[in-house]
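Asks: Next come the chains, spelled out residue by residue.
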Amino acid sequence: MAQQLAIVAMIDIDAALKNNSLEGNIYLFDNMKLQGSEGQGTSHLITAIHGTYDSDGLQANEQVLNWLVFGVGSVPPNLPRTFPVDQSRKSELRLIRKFNKLKKRIQENDDTVSTPESLRTEVNKILENLGSIQTKLKSKSGLIRSHLHSEVKLIDVKGKPITDPEVITDPDNRSQQISHRPPILNNVTGEAVDKKIIYQAQYGSPDLVADGWYWSATVSTYQPGTYSYTMHIQLYKPVYQQEEGQEEGHVIWEPVYMTHKSSIRITKNPKQNGFTGSVYEGLLPIPYTTA
Amino acid sequence: MATITIATVIDAVAALTADTLSGSTYLMDNNKMYGSIGVGTENLQTLVNKDDELIWTVWALEVEVYVAIKDIIIDSKYCQPEETKYDGTDISYWFGEVKRNVREPISYQIKFQVGNRKELMTLSTPFLIGRS
Chain A
2 MAQQLAIVAM
12 IDIDAALKNN
22 SLEGNIYLFD
32 NMKLQGSEGQ
42 GTSHLITAIH
52 GTYDSDGLQA
62 NEQVLNWLVF
72 GVGSVPPNLP
82 RTFPVDQSRK
92 SELRLIRKFN
102 KLKKRIQEND
112 DTVSTPESLR
122 TEVNKILENL
132 GSIQTKLKSK
142 SGLIRSHLHS
152 EVKLIDVKGK
162 PITDPEVITD
172 PDNRSQQISH
182 RPPILNNVTG
192 EAVDKKIIYQ
202 AQYGSPDLVA
212 DGWYWSATVS
222 TYQPGTYSYT
232 MHIQLYKPVY
242 QQEEGQEEGH
252 VIWEPVYMTH
262 KSSIRITKNP
272 KQNGFTGSVY
282 EGLLPIPYTT
292 A
Chain B
10 MATITIATVI
20 DAVAALTADT
30 LSGSTYLMDN
40 NKMYGSIGVG
50 TENLQTLVNK
60 DDELIWTVWA
70 LEVEVYVAIK
80 DIIIDSKYCQ
90 PEETKYDGTD
100 ISYWFGEVKR
110 NVREPISYQI
120 KFQVGNRKEL
130 MTLSTPFLIG
140 RS
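Chains as they are written, first to last, in our numbering: chain A, 2 to 292; chain B, 10 to 141.
No wet-lab data here; the hints were simulated from the structure. Ideal placement from N, C-alpha and C gives every residue a C-beta, glycine not left out. Please note that a few of the clues may not be correct.
Stated by the list, open to error - To give a feel for the contact side, a few chain B residues facing chain A, derived at Cβ under 10 Å: (1) Leu25; (2) Leu36; (3) Ile82.
Unchecked claim - Per the computed footprint, the stretches of chain B lying under chain A, defined by three or more beta-carbons under 8 Å from a beta-carbon of chain A, are: (4) 12-22; (5) 86-92; (6) 109-122; (7) 128-140.
To be verified - Computed cross-link-like contacts, DSSO-like style, restricted to lysine-lysine with a CA-CA straight-line distance of at most 27 Å: (8) A:Lys159 / B:Lys108; (9) A:Lys34 / B:Lys59; (10) A:Lys161 / B:Lys79; (11) A:Lys19 / A:Lys139; (12) B:Lys59 / A:Lys19.
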């Protein structure tokens with residue numbers, strides 16, 4: 002089977018959400034540049050797919066496409082999947098340690114924390130540096146729930162928790178770069194699917210970068226030509242919410258749906274033996290040796 | 010004061026085959042809205058202001074391949090990038106603060122380790138630019 006074709010989409014999520022469009026904010030790449038793909042790094046990629054055919058004219062091998070979608074301003078995908086959860090745990094432990102230290106100072110009748118105002122100042126100092134913002138996830142049906150079975154804290158692209166809600170609410174505040182939840186590919190449709198050129202399906206993966214799902218398609222290279230397809234991409238927009246009476250706010254990741262078109266260009270050639278260049282079945286050029 | 014992420018995507022297999030990063034490297038930043046040019050190409054010109062924080066990350070086109078930034082060479086008057094690891098992991102990123110406003114475009118180099126090749130591969134095409 003030939004090398005699997007990877008199509009990678011890098012999305013500037015902030016810009017896409019602000020402009021409500023992927024056009025100009027999505028950068029497409031594939032690993033077929035040497036085979037003739039055009040438009041690497043732009044929003045308009047034409048992926049070259051080289052099919053082969055047998056002596057009877059029928060498709061001789063399989064070509065498989067895989068799609069991966071990432072955010073430009075996100076933490077890299079090779080970080081352990083538990084990274085945001087680990088960071089949340091660590092910041093909670095740090096918070097507990099700091100409060101324990103404060104408690105000790107009070108118990109030892111430390112003068113610097115003897116008045117209510119001074120105590121308040123100390124508590125605020127701790128929360129300012131270590132307090133963090135929980136995230137929840139909103140599903141398509143509008144249901145809001147905590148994800149990963151616990152409330153994960155919002156982190157920035159350096160892996161540090163975000164403490165100031167204004168980073169989320171004020172679009173001009175860029176003091177921290179929020180590490181966005183990775184975009185998810187929801188579907189692949191369009192001309193290439195309708196004309197039965199690509200057979201697409203969603204697969205489960207142990208790699209949780211896209212919640213464990215990825216899209217793959219086998220290609221019918223029997224019909225050469227250029228065919229378009231549409232990617233249905235779900236971005237997550239961080240929305241800050243503070244409930245009445247609650248001091249702490251939290252962030253809800255709200256799904257935003259966008260689509261983007263791309264193309265594949267199929268060519269086909271006779272199947273060739275890579276060693277001999279022959280298009281016919283035959284022996285390999287192994288030199289005759291005596292035992 | 011803005012935090013700007015500069016992400017490099019490398020087609021490592023193609024880079025190692027051709028023995029150069031040229032033609033297999035794409036740079037993106039999230040500052041296009043504010044004036045960066047060449048986003049998605051080798052010739053990224055990131056628009057920066059004094060006090061902006063720059064963060065460099067690297068991604069391989071095929072996620073099984075190893076790529077890492079080993080050095081960033083830039084005029085230290087403008088920026089002194091340093092390497093740091095994501096807390097509790099072996100994966101690093103580089104960050105640096107822009108110390109002064111940029112007038113003439115500043116060229117800089119990023120040195121990558123690609124695959125298990127010992128020699129580092131250098132990209133000399135990106136720039137930092139300022140508001141004219």
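Asks: Looking back at the numbered hints, which does the structure fail to meet, lowest number first?
Replies: 1, 3, 5, 6, 7, 9
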